[in-house]
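Engineer: Chains as they are written, first to last, in numbering that gives the first Met the number 0: chain H, 0 to 235; chain C, 0 to 223; chain X, 0 to 223.
Hints were generated in silico from the structure; no laboratory data involved.
Predicted model only: the values in this text are computed from it and were never measured.
Any given hint could turn out to be false.
Incomplete in silico selection of chain C near chain X, CB under 7 Å [unchecked claim]:
(1) Val16
(2) Arg19
(3) Leu86
(4) Gly88
(5) Val89
(6) Val132
(7) Arg189
(8) Asp190
DEER-style ranges, computed between Cβ atoms [as the list claims (entries may be wrong)]:
(9) H:Ile63 - C:Phe2: 23 to 31 Å
(10) X:His66 - C:Pro29: 14 to 22 Å
(11) X:His66 - C:Arg1: 31 to 39 Å
(12) C:Leu63 - X:His93: 31 to 39 Å
(13) C:Gly43 - H:Glu180: 35 to 43 Å
(14) X:Ser34 - H:Ile63: 40 to 48 Å
(15) C:Leu44 - X:His93: 25 to 33 Å
(16) C:Pro29 - X:Thr83: 45 to 53 Å
(17) C:Pro126 - X:Ala140: 23 to 31 Å
(18) X:Thr83 - H:Gly186: 55 to 63 Å
(19) H:Glu210 - C:Leu63: 51 to 59 Å
(20) C:Phe2 - H:Ile59: 53 to 61 Å
(21) C:Phe2 - H:Glu67: 54 to 62 Å
All C-beta atoms in this analysis are idealised placements derived from N, C-alpha and C, irrespective of residue type, glycine included.
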Amino acid sequence: MTRVRVLMSLAAVAVGIGLWFALTAPPDALQGEYARLLGIHPPSMWVAFLAFGVTAFGSIMWLIKKTERWDRLASASVEVGVIFTAIGLFTGMVWGQAVWGTPWDWQDPRLMSTLVMFFVYLGYIALRNAVDDPIVRARRSAILGAIAVVQVPLVYFSVNLFRTLHQTQSIRPDGSTMPDEMLLAMGVNMVAFTILYVALVVARIDVAKVEAENATEGAVAGEAVRPPRLNEVEDV
Amino acid sequence: MRFWQQALEIARVDLTVEQRVGSTLRITLPFAVVALIVFPLALGLQLGVVSAIGIGVYWALGILFGMQVALRQSATDSRDRRDLHTLLGVDPAARFAGRVISGGVLMIGFLLVLLGAMTVLFDPSLPEGVWPVLLLSTLLVAIGLTELATLAGEVTSGLSNRTVLASLIVAPLALPLIIGASQSVGALERDTSILPWILLLIASDLALAVAGVGLAQPLEEATR
Amino acid sequence: MSGGRETRRVEPVALFDRAGVSLGGRPVLRGVDLSLAPGEVVGISGPNGSGKTTLIRTAATLTSPDHGSVTVLGRDSRDRDLLTTRRSIGLIGHSPGLIGELTLGENLDHVARLAGIERVRVGRALDVVGLSEVAGRRADASSFGMRRRVEIARLLLTKPRLLLLDEAASGLDEAARQLIDALVESVCARGGACIVASHDQAHLEGLCTRLASLSGGSLEEATA
């Protein structure tokens, strides 16, 4: 647990610094106070994509190596990733409403890919919850992870194609008006959120190891079935 | 050759079972047509709006109900049947291909009937030359959706909430199919090339076919 | 001294070497040692939940051991390509893996097509097991005994070298039990071997060349 404490402490310090920069920077000329979401939204989206990539990698490695640690890595990354994805989507909608006048841009391939990923994560977690056997759970989850690796890039590509060929551009905030302190906050929190992601994944893996150890305690199948009490049948 | 013999045999039996007791023609299709009827009523019978959204409603219902065609109960195997296939030396990839063939046939039939019903009920405003594009994209969507739903059905096989869980997995990953299909008609309306959208559908179908064949063996082990 | 004769080492049909199997994270079989020579019929008894089905499935290569090894017809059960080996394994499990919506004859015909067996033999197999008159009856409208006989007919077609029976005679009439005994003898006569798991001690004693029991996940052979 020591490494988790070290990572969490590092993450806390880094996130604290990043948030301090975000909160103390002057407001943006165009976006006003909403520009402070730069300290949360892009780092959350970065971690969402990172978590997905790690899940995909862990899934493929499990299919190749069939060792527990890859399954733990993939599932821990999904659980942490779904939280950051939700934060990224929510802050993005708040930001979009404030800056673009709409909470959602159907033509943004990153937004659409993130939304798809979010539901894939939810499906992945639902699938894991539905299976008791750890090997079966690992195998089915890994296959879903591998299927998602094939389809999600296609989602990105298809939405990008849609945007390109429709030739309508969403209004984007002009980054050149951002104060340097705000860009610094975003940069620091990119690193900080990544450290936080790693800390949470490592902690979740440690918890999964303990859960696995607890699950294997107990009688060998067969020994758990006692002989019936035949002379007590009438007493029921 | 053995691969295709096994695949076609599995498809043949699937379609035989569906023909005898299946839910596609008896339940899913009528339900989808009822859903078609709900839209104009919900829109207060504003016929101009109904006509404009006809194609979109077709694709939306086609995807959502089409998933249920591919996930139908008759296409699921009990553990004993899977064991039998394994011991008979049935190639898992052939089983996937067979399921996609039978599911694809049912899906194409389902979508074509739904398309006909939508055309009659919605009187959609269609651009010139739309029918070959609609039919081609229907075919490609049927293949891709069947592949995706077959994979999702296998991943969730034997689980108590299989149909809902598999639908949750399929729906977001079917986005390229929805975009490709709807935009292929949209391109005609805008007088632009349909090629990128058709290629998107073909790429999606091919990627899913490769995934299905490549993952067939681990899928078989996962569901034993 | 052997007098110049070579002693030929006979390869076992199946070999469990300190095999351990866990299911759901819990150990079911522990350190199982079992060697099955050609012509042998090993009977496995044990209380409910003792691991008989797991042992059968492990011998069928449907479950892999977590510890030790299981070798079937010369191949490690964890090898990736077991297609040929599995075609030489015959299994009758707890429930017949028939497709309910197909007739008894169609089920057997389906197996023949999947396994690449000449379909002309299907009629003969149905006749031998006594089902030729009822081959046109749907499987879900047939009795358990009839569906079991279809499984036996399947094994007459596939002619396995390793036959695995898991409570195969349960719920069968005397004629069907005798059919199973004849199947066992036929496999052994061809140089194959059998594992029979059952609660029916009398049946095991009459049929088997060796007896063993499962307790606490470990296999103990009965002394003569």
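Engineer: For each hint, tell me whether it holds in the structure or not.
Structural biologist: Against the structure, the hints:
no. : hint                            : result
1   : Val16                           : 4 Å, holds
2   : Arg19                           : 5 Å, holds
3   : Leu86                           : 5 Å, holds
4   : Gly88                           : 4 Å, holds
5   : Val89                           : 5 Å, holds
6   : Val132                          : 38 Å, violated
7   : Arg189                          : 48 Å, violated
8   : Asp190                          : 50 Å, violated
9   : H:Ile63 - C:Phe2: 23 to 31 Å    : 24 Å, holds
10  : X:His66 - C:Pro29: 14 to 22 Å   : 54 Å, violated
11  : X:His66 - C:Arg1: 31 to 39 Å    : 35 Å, holds
12  : C:Leu63 - X:His93: 31 to 39 Å   : 38 Å, holds
13  : C:Gly43 - H:Glu180: 35 to 43 Å  : 53 Å, violated
14  : X:Ser34 - H:Ile63: 40 to 48 Å   : 33 Å, violated
15  : C:Leu44 - X:His93: 25 to 33 Å   : 57 Å, violated
16  : C:Pro29 - X:Thr83: 45 to 53 Å   : 47 Å, holds
17  : C:Pro126 - X:Ala140: 23 to 31 Å : 53 Å, violated
18  : X:Thr83 - H:Gly186: 55 to 63 Å  : 59 Å, holds
19  : H:Glu210 - C:Leu63: 51 to 59 Å  : 36 Å, violated
20  : C:Phe2 - H:Ile59: 53 to 61 Å    : 25 Å, violated
21  : C:Phe2 - H:Glu67: 54 to 62 Å    : 34 Å, violated
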